[in-house]
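Asker: Protein sequence lines correspond, in order, to chains V and S.
Numbering follows this note's numbering, with no gaps: position 332 of the first sequence is 332.
Numbering follows this note's numbering, with no gaps: position 84 of the second sequence is 84.
Treat the hints with caution; some may be incorrect.
[What the hints assert, rightly or not] The following label-pair restraints were derived from C-beta to C-beta distances:
id: 1; chain 1: V; residue 1: Cys278; chain 2: S; residue 2: Trp32; range: 39 to 45 Å
id: 2; chain 1: S; residue 1: Leu90; chain 2: V; residue 2: Leu75; range: 24 to 30 Å
id: 3; chain 1: S; residue 1: Met77; chain 2: V; residue 2: Tyr182; range: 34 to 40 Å
id: 4; chain 1: V; residue 1: Asp74; chain 2: S; residue 2: Leu80; range: 23 to 29 Å
id: 5; chain 1: S; residue 1: Val220; chain 2: V; residue 2: Glu412; range: 47 to 53 Å
id: 6; chain 1: V; residue 1: Gly360; chain 2: S; residue 2: Pro123; range: 57 to 63 Å
id: 7; chain 1: S; residue 1: Ala39; chain 2: V; residue 2: Gln197; range: 33 to 39 Å
id: 8; chain 1: V; residue 1: Arg370; chain 2: S; residue 2: Asp268; range: 54 to 60 Å
id: 9; chain 1: S; residue 1: Gly118; chain 2: V; residue 2: Thr414; range: 30 to 36 Å
id: 10; chain 1: S; residue 1: Leu90; chain 2: V; residue 2: Val471; range: 28 to 34 Å
id: 11; chain 1: S; residue 1: Leu90; chain 2: V; residue 2: Phe57; range: 39 to 45 Å
[To be verified] Here are a few chain S residues that sit away from chain V, every Cβ distance over 10 Å (derived from the structure):
id: 12; residue: Tyr51
id: 13; residue: Ala74
id: 14; residue: Asp178
id: 15; residue: Glu231
id: 16; residue: Asp247
It is worth saying that the hints were derived from the structure and are not from the lab.
Glycine is no exception: its CB is placed at the ideal position from the N, C-alpha and C atoms.
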Amino acid sequence: MVPPPMNMPVKPPVAALDAPLYEAAKKNYPQSVHGRFRTVKWVLMAVFLGIYYLLPFVRWDRGPNSPSQAVLVDLPNRRFYFFFIELWPQEVYYFTGLLVIAAMVLFLMNAVAGRVWCGYACPQTVWTDLFYAVERWIEGDRRERMKKAKEGLTARRVGELALKHSIWLVIAWWTGGAWVLYFADAPTLVKDLATFQAPMVAYAAIGILTFTTYTLAGHMREQVCIYMCPWPRIQAALTDEWALNVTYRYDRGEPRTSIKKAADLRALGQKAGDCVDCLQCVAVCPTGVDIRHGAQLGCIQCGLCIDACDAVMAKVGRPTGLIAYDNDVNIERRLAGEAPIYRFVRARTIIYTGVIALVGAVMLYTLSTRTLIDINVLHDRNPLFVALSDGSIRNAYTIRFLNKRSDLRTLELTASGVPIPTLHVIGEEPASRTIVAVGPDQTREVRVLVTVPPAARIEKSNAITFTVRDVDSGDTATVGDHFFGP
Amino acid sequence: MAKNEIDAVTGTATTGHEWDGIKELNTPLPRWWLWTFYACCIWAALYMVAYPAWPLVSSYTSGLLGYSSRANVAADMAALQALRGEKAALLAKADLADIEKDQALLAFARAQGRAAFGDNCAPCHGSGATGSKGYPNLNDDDWLWGGTLDALHQTIQYGIRSGNAQARENQMPAFGKDGTLKKDEIVQVANYVLSLSGQPTRQGVDLAAGKQLFADNCAVCHGEDAKGNQELGAPNLTDRIWLYGGDEASLVETITNSRGGVMPAWADRLDPVTIKALAVYVHTLGGGR
Chain V
1 MVPPPMNMPV KPPVAALDAP LYEAAKKNYP QSVHGRFRTV KWVLMAVFLG
51 IYYLLPFVRW DRGPNSPSQA VLVDLPNRRF YFFFIELWPQ EVYYFTGLLV
101 IAAMVLFLMN AVAGRVWCGY ACPQTVWTDL FYAVERWIEG DRRERMKKAK
151 EGLTARRVGE LALKHSIWLV IAWWTGGAWV LYFADAPTLV KDLATFQAPM
201 VAYAAIGILT FTTYTLAGHM REQVCIYMCP WPRIQAALTD EWALNVTYRY
251 DRGEPRTSIK KAADLRALGQ KAGDCVDCLQ CVAVCPTGVD IRHGAQLGCI
301 QCGLCIDACD AVMAKVGRPT GLIAYDNDVN IERRLAGEAP IYRFVRARTI
351 IYTGVIALVG AVMLYTLSTR TLIDINVLHD RNPLFVALSD GSIRNAYTIR
401 FLNKRSDLRT LELTASGVPI PTLHVIGEEP ASRTIVAVGP DQTREVRVLV
451 TVPPAARIEK SNAITFTVRD VDSGDTATVG DHFFGP
Chain S
1 MAKNEIDAVT GTATTGHEWD GIKELNTPLP RWWLWTFYAC CIWAALYMVA
51 YPAWPLVSSY TSGLLGYSSR ANVAADMAAL QALRGEKAAL LAKADLADIE
101 KDQALLAFAR AQGRAAFGDN CAPCHGSGAT GSKGYPNLND DDWLWGGTLD
151 ALHQTIQYGI RSGNAQAREN QMPAFGKDGT LKKDEIVQVA NYVLSLSGQP
201 TRQGVDLAAG KQLFADNCAV CHGEDAKGNQ ELGAPNLTDR IWLYGGDEAS
251 LVETITNSRG GVMPAWADRL DPVTIKALAV YVHTLGGGR
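Extracted from the complex, chain S is given alone in its bound form (with noise of 0.2 Å):
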């Protein structure tokens, strides 16, 4: 029963409906939202069949302009790599000790190196490469297996004690648990050793035998001096850092059953401009040589 009629009040035609005397006017969707509407119904139809849109049992619709979120990943990461390309080809050619000389270059292996050391390097030595008791500090001044950017290369290339045909290899002898040394006889290196370092040694103890147990057994490797040989990875016993502990009860400890820290070989991991760039990162950390 339509039927034309304006509402007095409002002025505003009804639609002819009724109920119970209540008339419902007729204020119809704006013209231009309606069109919007239509049009996003069109776009999500469209969309549906351009894009990847319905999961099938085992796979989905793939859409016919065949996009990817997987394959833009890829491409990113391929133009990535292009990116890098023109640094990265410098950066493996360029001869080790000349890369700090140039700052841009200083610069993109610093970077790149220091991606690498948190994704790699990190889990053991830290992420501000500090270290802890038996993971060397890398921003100090001591180093076991040398300090300088060709030492670093090598010892991030083949690791230590690492299986690799190159890797850094040492023993230190268990000397308490091998029977070599007494008891008494490790308290005394130990405390001869303490002095070394300028720490107070425990009262009583023959310093003297200390130190001729240390001339038979530990110079071959420490030295006379004790000052370490990094040929051998030889720790220097004069200084103050310690990596596995420079109190007493550690270094009988050490000395009873020995130490022997492993590190990977990342030449079989990374490819070699990233180790090139950890060496020059590990390098730059202020403790290089």
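Bound-form chain V, shown alone (with noise of 0.2 Å):
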């Protein structure tokens, strides 16, 4: 390649484009690394593990005829708890308002800063990098891992190939427990899965769990960043060019040099880039690309080939940030001799913002303002109405009452919008009692006979109201239907 006139800085070619459809998986041996970013992960993967190992067993005291567990999935009763809420499974559409937001946190995160989720949060990072710790940890770091690959099998390697693969074993199958403790009373479940005596499904589950982790933690590892996962196409497609994202500053790094000749270029007083080509950057990286060829598919933007240039410029006497977090647009400004900007109020962002706390508001309000009582109700299809002896119309409902509350509530029915109902509660004597007793966090359903007297004038199709109300703390409910007549 001919070099550019005056030692000019040029964007390095990006990615091969025309690479085959198909190509073998290259082993990736990321080396260790130091620094601000690798910090960061740290802690994060131990806040994000640790709520995830530990939650289950977080207690949380809803009175005598709850269950204790913070957060519980309920499955045999249809019942999901959290904290101090607690879900039926028609409210089902709070999950719609969640994945409502977590999408839209997903994208403002993308807006701000790139592919956070996948950097930092995102449990196959998190699970790799733990993996990927227990590797190194045992066989060495880069280039002893890579150098024990080519060498052959000894009783020392298979006995450390062991010892990695039964500890990596032990943290999928530790994931898959913690799973299942979300589905039942953590404490119990423990000492019955201890004991042989739980049931199948809790098995079954942690043994998929423990292969899918081992697998996707253990062995695809960036494959499925790079095959499996939608996000980085759907990213790539939401993305703009003020968001910031890992950035070679190919303004400063090109062209690249030895340290001395680059001392040799800048005391003629000529430019000469910091990029000292020690590809640092590229045995750090988790998933193996090359940052230089710019913001590409592969990269996961864990940032931890700006902790690797980093520690390489301050060895060699430059200023850090070589690769940092920025954008395309400041690049050119700096080409330019421009101060770079950083903008992070712009349209996509106000919108994202506006989405989720309109939906976190909408679904607080709703959730603040619910009522613990309900009641559903379902005509007689056959027949419509009765006629009666005297001439009164009959209609018959059934009614489901649903007493969301921990205590046995009494619950009095009553109809309007047809004159002078009288109501049967089937089942409850005497006839004319309209009280029903519901068991707590309950349903009960009940035969409702209406009749209207013969002097009543009805349509062939009236509206009738139900209201349940609570005898003693006054709840209402209200429910609507109608009332046939000939």
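Assembling the complex is the task here: the two chains are given apart, and the hints tell you how they should meet.
Answerer: Structure follows, in structure tokens:
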């Protein structure tokens, strides 16, 4: 290649786009690294794993008739508990809200600082990072691992491999084990699991998750990010020129030369690039990409190359930040001799934040104002109405009361909308009694007959409203249906 | 004439076969595909040995595992019976009057009753138990033989004119056919009966004569006040519900030729628990007394 005139920096070629469709996997041996982003990643890993493994054991007192586990998905009883929130199956729309918020947070992260999720918080990244740490601890750093991979199997090597895979399997097993604890009372289930009293489905779930964790974090690693995950593709379509990404500042780095040559050039008053082509950024990369090719699908933007490069820059006496969170706009501006600008308040960040705030506010509002009793009604379809011997008209309904509180409630049912309705709850004595008791955190279905006297003139179809009132607290819930006549 | 030749364009080995200068690239099936195929072949062979597979002249090979879909159904049915067993036993033991006081038992009895009703009663009474001409509506509060739980239980068990020794039995005379009443007398009675439920009567018909005829011929069963008698299965003629129609023509027809439906004795066909469940189901349709 002919060197560009005046040693001006040029943008390095992007990663090859005409690569074959099938490519054999190249094994990565990421080197250990120390620095700011590595520390952040260790701390976040500890926090996330801590939450994941320990949350099932957190207790939350809900009174005598409810489970005391802070976070619990109670599938047999169709309940979801999250600290002070208890959700019933018909409130599943809250999860829609959560998913909308989750998507928007992901988009917002991306608009501000690229693939933050991928680099720091994604379970694939966190567990792979943990598995790499185990591998490094047992087999040594990059060079040793590469060397050992080439050498044959010695007794020591076999021992190392066995130890590594055993520890991986234990972590994977623990991961699956923690997962099932979210679906039953954790301390009880731990005891049952240990004494082989737990249900088969628990062991099966642990087995499956052990297998997936071991495979995904131990063997597939960056392949998941590059080939399996849809987010890099979506992310690439969602990003813009202002989003900060882990960026090789080629305006500073190019042309690459050796330390000595660079010193010579600078002595002559000529410009020399800061990149010394030490390949440390590639060596530490968990996905094995070269960040100097620019933003690319394989880059999960974990910032480890920043740590590696900063360490090298410090050693060669050049300013750090040759690789940094930056964007192409600022590179162009620096090349043009202008000061970089950072723009966080943009249309997309405002919209994402707005949607998050709106959905969050709606969820909070509905959650804080929802009633803890409810009533559902189903009109008999056959017959729609019955004419009685005295000319009265009777309609039959199946009514279900929902008591979402953890104590027994006494509910009174009334109907309005048709003239002088007489209610009869089948099974309640005397016939005029419309008081029903509903057990704690339960529903109760009753058959209700509503009769309108012959004197009342009613239409073919009349709106009727059922109201249920908690006799003690006065809470009410209503539901509308129809009363049919001849 | 196999030889190892590499195709220059694709870099793939050829099979060594050549037709008029056209060579075939050697692109064998992927190994995983091939092994899956072999595994399927082995599976199929084992399956034929283990499970019913080959039709024979009058039977089929039954397989080593002794699998049978008929046996599965039988097992499922047995499991269902076992599942219901506990509650069915409770239902069998429970006093008829107590069933409706127990939420769980009531729900179980109603569910059982609804299914049995659909299978056995719906052909005449309709799936919604609304009946039709000649087949009583079981939702309303008008009962020929009584709408209490016990009365319903009795009726379902032994039927009406079913031939069972304990069946509900009555016979309305065919006043016209037997010649007891003359045609114009029948019209008089019919119009008198119309007037009992507040319906308009035909102009010029002597209602007083009708009343006298009613007292002489009908009141024995239907009562002086015509409100019927459930002991005898005699319908109330003063209300608005008519099994065979409440207009003059229908009444004349009824008085002339008599009426009388038949209901089977279900004790001969259904088990006592199902009959109990049916009684509770019908009782809770709404009309139960």
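Asker: If you check the beta carbons of Leu90 (chain S) and Phe57 (chain V), does the distance land in 39 to 45 Å?
Answerer: holds, 41 Å
Asker: Determine whether the Cβ-Cβ distance between Ala39 (chain S) and Gln197 (chain V) falls within the hinted range of 33 to 39 Å.
Answerer: Distance hint for Ala39 (chain S), Gln197 (chain V) holds at roughly 36 Å.
Asker: That 47 to 53 Å hint for Val220 (chain S) and Glu412 (chain V) (C-beta), does it hold up?
Answerer: The hint (47 to 53 Å, Cβ to Cβ) holds, given that Val220 (chain S) and Glu412 (chain V) are roughly 49 Å apart.
Asker: Would you check whether the claim that Tyr51 (chain S) is not at the interface survives, using Cβ distances to chain V and the 10 Å cut-off?
Answerer: Non-interface label on Tyr51 (chain S) holds, nearest chain V Cβ at 25 Å vs cutoff 10 Å.
Asker: If I take the minimum Cβ distance from Ala74 (chain S) to any residue of chain V, is it greater than 10 Å?
Answerer: holds, 26 Å
Asker: Would the non-interface assignment of Asp178 (chain S) survive a Cβ cutoff of 10 Å against chain V?
Answerer: At about 30 Å from chain V, Asp178 (chain S) clears the 10 Å cut-off, so the statement holds.
Asker: Confirm or reject the claim that Gly360 (chain V) and Pro123 (chain S) have a C-beta distance inside 57 to 63 Å.
Answerer: holds, 58 Å
Asker: Between Leu90 (chain S) and Leu75 (chain V), does the C-beta distance stay in 24 to 30 Å?
Answerer: Holds, at about 28 Å.
Asker: Indicate whether the distance between the beta carbons of Gly118 (chain S) and Thr414 (chain V) respects the range 30 to 36 Å.
Answerer: Once the Cβ atoms are compared, 33 Å apart, the range 30 to 36 Å for Thr414 (chain V) and Gly118 (chain S) holds.
Asker: Confirm or reject the claim that Asp74 (chain V) and Leu80 (chain S) have a C-beta distance inside 23 to 29 Å.
Answerer: The hinted range 23 to 29 Å holds for Asp74 (chain V) and Leu80 (chain S), with Cβ atoms some 27 Å apart.
Asker: Given a hinted range of 39 to 45 Å, is it respected by the beta-carbon distance of Cys278 (chain V) and Trp32 (chain S)?
Answerer: Because 42 Å falls inside the window, the suggested range holds.
Asker: 54 to 60 Å was suggested as the range; check whether the CB atoms of Arg370 (chain V) and Asp268 (chain S) agree with it.
Answerer: holds, 55 Å
Going down the numbered hints, you'll see the structure goes against none, and every one checks out.
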